[in-house]
Amino acid sequence: MTVEGEGGAIKISPEFTQDPEKLALALDKVRDQIEEIVESQIEEQIAREARRYRETTGDWLMSFVMLLILAGIIVKVVLGGKKRAERRAEAATETAAEESLKRQLAEAQLKTMQAQVEPHFLFNTLASVDYLIETEPSTASKMQKSSIQYLRAALPQMREGSTTLGKEVQLCRSYLEILKFRMEDRLQYSLIVPHGLSSAQFPPMMLQSLVENSIKHGLEPKPEGGSLTISADISNGRLRVTVADSGLGFAAAGISGSGVGLANVRERLAALYGGAAQLSIEANSPSGTIVTIEVPYTFEADGRSDAKASA
Amino acid sequence: MPTAIIADDERLMREQLRARLTEVWPDLQVLAEAKNGEEAVAAVRDHRPDLAFLDIRMPGMTGIEAARHIGDACHVVFITAYNEYAVDAFEHGAIDYVLKPAEAERLAITVARLKQRLGSKPSDLGALLTQLSAKLESAGGATQRSHLQWIQASVGQQLRLIPTAEILFFTSDEKYTRVQTESFEALIRKPIKELIDELDPEQFWQIHRGTIVNAKAIAGVTRDFRGRQLVLIKGHTEKLEVSRNYTHLFKQM
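Residue numbers (our numbering), protein chains in the order written: chain V, 1 to 311; chain B, 1001 to 1253.
So that you can see chain V by itself, here it is in the shape it has in the complex (with noise of 0.2 Å):
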């Protein structure tokens, strides 16, 4: 090796330039010998730098620091107490928050439990097919598929979390093919859901919830019944799924006051969202509702299987 420093210039044999490997290694080492000597004259010149400072500024900063030092230490000591008192009174407060959190959890999914398939709906709907089997007999085929279809998405939504907007609108898709064939004329849908928007998180049950409750209190007690419309769209990075039909209307059906499906749909929210979900309700014209659900705009990152799901 003949790699030499000399007075910060380094001269490298020419035999290196023909051996492109020892060149490598010679360039290696170079390299570490300047590193060692650019560190050590920072060192040198830090200390330098170190001495000077000491030398100019006195004792009395020495002892300035001790006192703020010992204060810093009373005052811990003196705030110390009152601080801990804080954190404990935060971290019960937050306990009992998240306490209450999850109790209201636990209790909006019992409620969406209780509210899965309606045993009215679902006598109605099995007398039917059973006239129909007689009948029509590819029409109770027809219905039966859909009754399949809407209980087996019905039944197991007691899953937490969230499903799919394309699942949950295809359970109401089933529910709605239902009671097409049972009220005939007296009940026209349509279901406004870009595709795209299949895959969005939602929570379970909440969309079944307000066509249900469109259902019966809006259409099914109106004596020409009406329509009902499932439309979806993005608003400001925000999901707003919204349920409007032409039925009664809530100050004819009187879920004004004391509605308990809604209510139950406002606490859901309310305990899966915190403040950032909403639910609105308003008057439809000339007559009927206007529901809507807005919530944070996310994504299951497997949209296939729901994109299939819904097709």
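Careful, some of the hints might be misleading.
Partner residues are not named here, just some residues of chain B that face chain V (Cβ under 7 Å, in silico) [unchecked claim]:
#1 G1060
#2 Q1157
#3 R1160
#4 P1163
Just so you know, the hints here were simulated from the structure itself, not pulled from any lab data.
The beta-carbon is built from N, C-alpha and C at its ideal position, and this holds for glycine as well.
On the provided structure of chain V, position chain B as indicated by the hints.
Below, chain B without anything else, positioned relative to chain V:
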């Protein structure tokens, strides 16, 4: 020949009952079909049948209300798919009923009984019907919670339902009651006097003849220069006066 009308809002159900009745009671003549309570009452008036088969859950007028209107004009038989509310009256045989889907064997039993009854005058079901409709209402689900959950109010051009939990306070404003939330105010016609009976007393406190406040929205209480207590509201600048009758609500513990 005995005659009847059938009332059900679903065509399939009407057809099925008609088909089964023809099977087990070939003599029976179905004079008309109705799709709701009003039509049923009209059909009874127009056709004067011996029997009226009435579905309980029908739009507009329910089967029970229709039965009240029909009174003793004919014998009434209720149709039900699943009845969570009327089991007692039915099981005790006070009222005749048909279970959906109508099965021939089961219907035959009902028909045998109806044939016997046809000779006698229709009995007055008034008291029973009142009982039934009360059960129907409570099972309808709309009135399970006793306290108001929503306030129906006009906000600008729109009629909206405002959840009571979001309301900060109500104040009376001449003819109207003002409803204040964090983001908007609305006017309703229901006076404070009525509201206080319908709201949850745990959550809503009356602090003045003309003021109800949401306890969760109270930020604190202060006094003005005349020594009157004023309630401070979270997220709102207005201070609400506490009248002397209600100062006990804010006494120190």
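A quick look at each hint next to the structure:
1. G1060: Constraint on G1060 of chain B satisfied, holds at 5 Å.
2. Q1157: The hint is violated - Q1157 of chain B has no Cβ within 7 Å of chain V, the shortest such distance being about 10 Å.
3. R1160: holds (5 Å)
4. P1163: holds (6 Å)
Hint compliance for this structure: hint 2 alone is broken.
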